Amino acid sequence: MQLELTEHIVRIAVVRPLERVDAFTAPQLRERLDALSGEGTKYFVIDLSATPFMDSAGMAALVSLLKRARQAGGEVVLVWPTDEAARRVLHLTKFDRVFPMFDDVQSAVNHL
Amino acid sequence: MLTEPEVRLVIPATHRYLNLVGAVVAELLAREEGLAEPQIVSYNVQLALQEICANIVDHAYAGCSGQIEMVMAALQTPWRLVIDLSDTGRPFNPETEVMPDLDEVHEGGYGLFLARALLDEVSYRVHAGRNHWHLVKQLEGDRNAA
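Residue numbers (numbering that gives the first Met the number 0), protein chains in the order written: chain G, 0 to 111; chain Z, 0 to 145.
Hint data in this document are derived by calculation from the structure and do not stem from the laboratory. Owing to the predicted nature of the structure, the values given are computational and were not obtained by experimental measurement. For each residue, glycine too, the CB sits at the ideal point set by N, CA and C. There could be a bad hint or two in this list.
Said to hold, decoys possible - Partial chain Z-side listing against chain G, Cβ under 10 angstroms, derived:
| hint | residue |
| --- | --- |
| 1 | L17 |
| 2 | G65 |
| 3 | P99 |
All chains should be built: construct the whole structure from the sequences, respecting the hints.
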C-alpha cells in the first residue's frame, strides 16, 4: 500500500506565572509572551493556578497575547486560578467568556 | 478625615511600590477578627486599591515623579475599611471614565471598573490643590465570634 505520511507538530507554550502579575511585573510577562509569539508560537496555555494575584495590567497582557495569537490563527486558553477571589474577578470581567477556561493544564492542552 | 486609629503610608508614585500598598491593607484587614470571607475581601480590596494607585501613577503623574499618600483605618459603626488616597498629580477628569464593554476584549479600561465593582464607595474630589480618592469597603461577619 502506498501511503503518504505527514506529521504536524503543534507547538504549545504552557506559561505558569508563579508570582504576582501587576503593573510592575506585567511588562516582564508581556515581554516573555511577545518573545514566544515572535518565535512563531501560536498556541498558549496560561496556567494561573499558581498565580497569587493579577491586576488589570496582567489582564491587559493576556488580551494582547490573545489578539496576537488569534491574528496568527492560534489561540490562548487559561487555567483557572485556585484562589476564589481571583476566579471571581475573571468572571466579573467576563474574561471567562473571552478565553476558553480549563481546570487543569492537560485539559487545556487537549483543547488546543 | 478619619477619627479612629489609622495607618499612614507614603510611597513613591511608581509601579515598583504598588504591591506595598496591597501588603499593608492585607495586614490591616488580617487584624479584623470575625471577618467573613477574609481572603476574598482582602484580595478584592488589594486589587481595587492597586488599580486606583496605578491610575495615579499612569495618569495623574504620567511619568513624572511624585508621591501617593494613603491613610487607612478600620472603623466600627458600621464596620468598614476606609482608605483615603491623595496625590499632587494632574486632576482626574471623570468625563474620561468609560465603562468597558465587557462583551468585547479590551487591553485597558478595567482599572476603575474593578475598583468600583469591588468596593462599596469610590469617590474623587480636588481639595487644596491635591487629588483625593475616598474608598470604602463595608466589612461583614461576626466580630463577637472571634
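Consistency of the hints with the structure:
1. L17: holds, 6 angstroms
2. G65: violated, 15 angstroms
3. P99: With Cβ-Cβ at 8 angstroms, under 10 angstroms, it holds.
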